[in-house]
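J.: The lines below spell out each chain.
4 protein chains.
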Amino acid sequence: METDIETILKELRKFNQERDWNQFHNGKDLAIGLSVEAAELLETFLWKDPEDANLDKIREELADILNYAFQIADKYNLDIKEIMLDKILRNAKKYPVEKAKGSAKKYNEL
Amino acid sequence: METDIETILKELRKFNQERDWNQFHNGKDLAIGLSVEAAELLETFLWKDPEDANLDKIREELADILNYAFQIADKYNLDIKEIMLDKILRNAKKYPVEKAKGSAKKYNEL
Amino acid sequence: METDIETILKELRKFNQERDWNQFHNGKDLAIGLSVEAAELLETFLWKDPEDANLDKIREELADILNYAFQIADKYNLDIKEIMLDKILRNAKKYPVEKAKGSAKKYNEL
Amino acid sequence: METDIETILKELRKFNQERDWNQFHNGKDLAIGLSVEAAELLETFLWKDPEDANLDKIREELADILNYAFQIADKYNLDIKEIMLDKILRNAKKYPVEKAKGSAKKYNEL
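Protein chains in written order, with my numbering: chain A, 49 to 158; chain E, 49 to 158; chain P, 49 to 158; chain F, 49 to 158.
With the rest of the complex left out, here is chain A (with noise of 0.2 Å):
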């Protein structure tokens, strides 16, 4: 059975070769979209306290991020949740709960 992040990849896959856009799609310029759009949604908090940003914005721009970013993981071939399980692993590692738990700090500095 199609898992959900399967469902979003085929759309994005069929969404790009409609268009014929995978030739622009080389790493480089999808890492640079993804920031864009990162920034577009960091700016929905310029200025204002978080309770205070515009929830339809907040929507809007990290559905663009993580469009971008299951693209950029399709592109390499990476498995989107084996690479995110494994990354809270390491840094369960990096982070031992005795050390960090109610702590701030980055993990040089615990």
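Hints are computed from structural coordinates only; laboratory data are not their basis. Mixed in with the good hints there might be a few duds.
Identical chains blur together in the list; that is why a pair holds if it fits in one copy or across any two.
Computed list of lysine-lysine pairs in DSS-like fashion (alpha-carbon distance at most 27 Å, straight line) [said to hold, decoys possible]: (1) K135 / K123; (2) K141 / K96; (3) K141 / K153; (4) K153 / K123; (5) K154 / K142; (6) K62 / K149; (7) K147 / K62; (8) K58 / K129.
Following the hints, complete the assembly by docking chains E, P and F onto the known chain A.
T.: Just chains E, P and F now, with coordinates in the frame of chain A:
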């Protein structure tokens, strides 16, 4: 049956709860964190042709970006699959195939 | 008499020429470099109140950002003082005092 | 005699005072603002070869970046010329000519 997306979200929630980190996770700082990781992904391509970027670093930074993006979605109760598919549909209207095919132009220049 | 801006530009040009680095300095990679440094400055504020950021790191990252910005201006033959003063003037029209005073609203919301 | 840098800083201070905007200008939001503009500069190169980016947009976004960078320096009482020249000197040690000439490698890979 639990979806892949739900599995990942559960691991992220558990990771944050064990470390009592939700207190730091307002939308503004999460958006900053995501931008910081997006720039670390970008840095893997700096001065390089796309094909020469280090795949391990791409994998690592992309996982960090995705983990932040999923946490932001979770914080705002946004359904990840729904917002992504919805944005693909809206992009399909902004970039109709007959106008956008083979073109890298932004929608307001089509 | 040489201006401060000219002094800095001369040092940057000398630095790059000694190392034969101009070959790498196309506008796209310089813009990527600047974004990478901008994110490093941002990172000094991550999870923190503004007053708690490390001043040495702010100083270091800001210097990196300025060095990239001056190099980009130099590459495109842009007069730094002229483009900055010109933009302040244009912002003054976008944000007239009578409408913008005391408000954090973006110009299209005034 | 007033330097160019001092002239620009005076105009920025006047602009902010007239609009009573200093209340919003904490370091964290200024750093966010700078990152947002850095991404707008980056966007001028998205999907393009460096030579095809629009010069007017490069000029505009670079001016925005510089204006934010100068305001951050002013807020933290950092002497712009001093921190830039100091960083060039430190980079000269990190990237000695005999090792770094003609190479795009990062200092920890030299």
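J.: Each hint: holds or not?
T.: Here's how the hints hold up against the structure:
1. In this assembly of identical chains, K135 and K123 lie within 27 Å of each other by CA distance both inside one copy and across copies; the values are 19 Å within and 20 Å between.
2. In this assembly of identical chains, K141 and K96 lie within 27 Å of each other by CA distance solely across copies; the values are 23 Å between and 34 Å within a copy.
3. In this homomeric assembly, K141 and K153 come within 27 Å of each other (Cα to Cα) only inside a single copy, at 15 Å, whereas the closest approach across copies is 30 Å.
4. For the identical chains of this complex, K153 and K123 are inter-copy neighbours only, at 21 Å across copies versus 34 Å inside a copy, given an alpha-carbon limit of 27 Å.
5. For the identical chains of this complex, K154 and K142 are neighbours both inside a copy (9 Å) and across copies (24 Å), given an alpha-carbon limit of 27 Å.
6. In this assembly of identical chains, K62 and K149 lie within 27 Å of each other by CA distance solely across copies; the values are 13 Å between and 44 Å within a copy.
7. When the C-alpha separation of K147 and K62 is checked against a cutoff of 27 Å, the pair qualifies only between copies, where the shortest distance is 16 Å, while the shortest distance within a copy is 46 Å.
8. In the homo-oligomer, the alpha carbons of K58 and K129 lie at most 27 Å apart both inside one protomer (16 Å) and across protomers (12 Å), since each shortest distance falls under that limit.
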